[in-house]
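Start from the sequences and build out the full structure, keeping to the hints where you can.
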Amino acid sequence: MAVFGNNTSKETKKDITELSNAETRIGKGAVLDGNIETYGPVRLDGKIVGNIKSKSRVVLGETSGLQGSILAQNAEISGEVKGLVEIADLLTLKSTAVINGDIVCNKLIVEAGAVFNGSCKMGNMVKEIKINDSTKKPSHDQKQKQVV
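In this text, residue positions in the sequence shown follow this note's numbering: the first is 1, and each later residue adds one.
No lab work stands behind these hints: they were computed from the structure.
The beta carbon of each residue, even a glycine, is placed where N, CA and C say it ideally should be.
Mixed in with the good hints there might be a few duds.
[Unchecked claim] Label pairs and their in silico Cβ distance ranges:
no.: 1; residue 1: 30; residue 2: 122; range: 31 to 39 Å
no.: 2; residue 1: 115; residue 2: 22; range: 20 to 28 Å
no.: 3; residue 1: 29; residue 2: 107; range: 26 to 34 Å
no.: 4; residue 1: 118; residue 2: 50; range: 16 to 24 Å
no.: 5; residue 1: 132; residue 2: 112; range: 36 to 44 Å
no.: 6; residue 1: 89; residue 2: 50; range: 16 to 24 Å
no.: 7; residue 1: 40; residue 2: 106; range: 19 to 27 Å
See the structure below:
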């Protein structure tokens, strides 16, 4: 018999579905030093020093800057990236995009004017996108540690 009963997997699936619909946004003028891991889409118009990992879509606007890597299902880049870009399906580089780093993707669209300095590997080569599961409820011991 499971501690939480048989509904645990249904609850977890519901939590993941809700997380997949939540969008993470970093606005213009904002600076983040750290990583983002999410099931849902990410929209970046500010700057990040760190990595973005999403099981969904990542959009970098014209004012965006990323010093780190992207691992996502799909991505549309209009800003600047310094690092590895790994996209499981479709990567679109808009005319204002500047990529200084390597690209690994299944499909690639490059608009006239986009700048890309690095190597590109295409095909189904992107590893599975694994997200740390923060939907799990902390155990009793973890709750006590958080309170202290």
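Open item on the list: Of the numbered hints stated earlier in the document, which are not met by this structure?
Closed with: Number 2 - this is the single hint that the structure violates.
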